[in-house]
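Engineer: Using the hints, position chains E, B and G against chain R.
There are 4 protein chains.
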Amino acid sequence: MSRPPSYGAPITLDEAARVMAAAQAEARRNDWPMAIAIVGSGGHLVMLHALDDVQHASITVAQAKAATAVNFRRPSKLFEDAVRDGGLGLRLLGMDNLLPLDGGLPLYRDGKVAGAIGVSGMQSTQDAQVAATGATLMPV
Amino acid sequence: MSRPPSYGAPITLDEAARVMAAAQAEARRNDWPMAIAIVGSGGHLVMLHALDDVQHASITVAQAKAATAVNFRRPSKLFEDAVRDGGLGLRLLGMDNLLPLDGGLPLYRDGKVAGAIGVSGMQSTQDAQVAATGATLMPV
Amino acid sequence: MSRPPSYGAPITLDEAARVMAAAQAEARRNDWPMAIAIVGSGGHLVMLHALDDVQHASITVAQAKAATAVNFRRPSKLFEDAVRDGGLGLRLLGMDNLLPLDGGLPLYRDGKVAGAIGVSGMQSTQDAQVAATGATLMPV
Amino acid sequence: MSRPPSYGAPITLDEAARVMAAAQAEARRNDWPMAIAIVGSGGHLVMLHALDDVQHASITVAQAKAATAVNFRRPSKLFEDAVRDGGLGLRLLGMDNLLPLDGGLPLYRDGKVAGAIGVSGMQSTQDAQVAATGATLMPV
Numbered sequence: 003m004s005r006p007p008s009y010g011a012p013i014t015l016d017e018a019a020r021v022m023a024a025a026q027a028e029a030r031r032n033d034w035p036m037a038i039a040i041v042g043s044g045g046h047l048v049m050l051h052a053l054d055d056v057q058h059a060s061i062t063v064a065q066a067k068a069a070t071a072v073n074f075r076r077p078s079k080l081f082e083d084a085v086r087d088g089g090l091g092l093r094l095l096g097m098d099n100l101l102p103l104d105g106g107l108p109l110y111r112d113g114k115v116a117g118a119i120g121v122s123g124m125q126s127t128q129d130a131q132v133a134a135t136g137a138t139l140m141p142v
Numbered sequence: 003m004s005r006p007p008s009y010g011a012p013i014t015l016d017e018a019a020r021v022m023a024a025a026q027a028e029a030r031r032n033d034w035p036m037a038i039a040i041v042g043s044g045g046h047l048v049m050l051h052a053l054d055d056v057q058h059a060s061i062t063v064a065q066a067k068a069a070t071a072v073n074f075r076r077p078s079k080l081f082e083d084a085v086r087d088g089g090l091g092l093r094l095l096g097m098d099n100l101l102p103l104d105g106g107l108p109l110y111r112d113g114k115v116a117g118a119i120g121v122s123g124m125q126s127t128q129d130a131q132v133a134a135t136g137a138t139l140m141p142v
Numbered sequence: 003m004s005r006p007p008s009y010g011a012p013i014t015l016d017e018a019a020r021v022m023a024a025a026q027a028e029a030r031r032n033d034w035p036m037a038i039a040i041v042g043s044g045g046h047l048v049m050l051h052a053l054d055d056v057q058h059a060s061i062t063v064a065q066a067k068a069a070t071a072v073n074f075r076r077p078s079k080l081f082e083d084a085v086r087d088g089g090l091g092l093r094l095l096g097m098d099n100l101l102p103l104d105g106g107l108p109l110y111r112d113g114k115v116a117g118a119i120g121v122s123g124m125q126s127t128q129d130a131q132v133a134a135t136g137a138t139l140m141p142v
Numbered sequence: 003m004s005r006p007p008s009y010g011a012p013i014t015l016d017e018a019a020r021v022m023a024a025a026q027a028e029a030r031r032n033d034w035p036m037a038i039a040i041v042g043s044g045g046h047l048v049m050l051h052a053l054d055d056v057q058h059a060s061i062t063v064a065q066a067k068a069a070t071a072v073n074f075r076r077p078s079k080l081f082e083d084a085v086r087d088g089g090l091g092l093r094l095l096g097m098d099n100l101l102p103l104d105g106g107l108p109l110y111r112d113g114k115v116a117g118a119i120g121v122s123g124m125q126s127t128q129d130a131q132v133a134a135t136g137a138t139l140m141p142v
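Residue numbers (the working numbering), protein chains in the order written: chain R, 3 to 142; chain E, 3 to 142; chain B, 3 to 142; chain G, 3 to 142.
Extracted from the complex, chain R is given alone in its bound form (with noise of 0.2 Å):
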């Protein structure tokens, strides 16, 4: 794995506000209930809105998707793949600070990680997909 870019100041709430309306705006297009959050370059939770109708796990798994991205510096399907690919990937199933499981994105600003976004809810592609248009506002 190539180096990540550093952390540097952590998403406002102003800057989470605007990925928040992208990702729930397309959660809702497709009337799928899910859990947003948004945690900042430090880790903490800054913005986490739940749809009507969200499982209760969604809740927390969307927390640690996003902590799993911004504590590792990486998209989560990274180890998504690597758990899939078994082997030497499995080894990641022991470590109780990541959760392997598509839809966790850091977010950028200048170049360096100013926070998270993770998303629960549905089947994990469709999950990404509304961290991608979330993060997409927050490029690297």
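Check the hints yourself; a few may be wrong.
To be verified - In the SDA-like style, the derived pairs of lysine to any residue whose C-alpha atoms are separated by at most 20 Å in a straight line are: (1) R:K114 with B:G45; (2) G:K114 with B:D55; (3) B:K114 with R:A11.
Stated by the list, open to error - Listed below are several chain B residues computed to face chain G (Cβ distance under 10 Å; list not exhaustive): (4) A18; (5) G42; (6) L50; (7) T62.
No lab work stands behind these hints: they were computed from the structure. Where a beta carbon is used, it is the ideal one built from N, C-alpha and C, also for glycine.
Structural biologist: This is chains E, B and G only, laid out in the frame that chain R set:
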């Protein structure tokens, strides 16, 4: 203590957004860096906004205040008062699912508990002021 | 309580090494077996040294004191004092993200919180003396 | 697996400082942002240094690798290999006091386990290279 209202259906995202907007406006009007958390009647987080420059600790404290208010269906101040009075009230400090700090209030719909709001970041009386501004939108 | 300084960029390893050297020298000068922890502005551990013969408990207590100081952006002694005064201050004992023991101090750079130091191993006034010796290198 | 050496007295701070210096120099020589943790024979943290720009997750992972090495008195790579091989080895993923990732090594004094070093931040083979550089100072 009298018997509190029963649990009803959880607060919707739209309802939470209105409560949040009122509370957030009150915090911003006073230039108070705060975290504001809203949970549903099941105790699950529905919405959290952390204003810029909030101290890290307030993000978890706001959630704990909301959890206290919904899990006991009472304002968290009741428990603060009991601890302050000492004696038997001190036993509350042995409960790990209760935060005896003002700033957590139940939210109601049609006479039932729909959720709760918790606020943290300043003095607990100021936290409570912001929580009350939100809670007036969903009175008992 | 007045509003504390904002969070800035986290303490660097070189800065932490200078703070640690000063604190550690003070501990050794007094022959005090202590644990000394330094965290960054995000609350993540940057440096920890446990002097020989320290009691196990102090290793986690030092980290909790540093966490308290950075997460609340205030000296942990403020909370110790509040608990000592009783009454309303006792509610702090219900908070599980706060250690009301002297010996945790924020570290500053350019008027912002860069991290915190926490010391444990002797009386809390002695812990505080060692923490202060380190913290003088990064004053507010 | 053969019976590993017994536990001896814990590593001293001076010993840990020498191990840390060697490992840290190897990390810096390669410009690898890493966290390096050293625990004593009782499993308690004796020294931790987080190099600038390390990802948050590595600070806890380094400690977990060191804990694995000392708690099982074996290099953490043994468990990584077992998981990679599948079958019965997968049961290790059910153990929450074991991290099956290369980069954790016991440290010895007089043929006994004095502690362990854990490194995280890059590929686990690179983590292991840095851990080994430190561990050569306290061979079995």
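Engineer: Hints first: check each against the structure and report whether it holds.
Structural biologist: Hint check results:
{"no.": "1", "hint": "R:K114 with B:G45", "verdict": "holds (19 Å)"}
{"no.": "2", "hint": "G:K114 with B:D55", "verdict": "holds (19 Å)"}
{"no.": "3", "hint": "B:K114 with R:A11", "verdict": "holds (13 Å)"}
{"no.": "4", "hint": "A18", "verdict": "holds (8 Å)"}
{"no.": "5", "hint": "G42", "verdict": "holds (8 Å)"}
{"no.": "6", "hint": "L50", "verdict": "holds (4 Å)"}
{"no.": "7", "hint": "T62", "verdict": "holds (9 Å)"}
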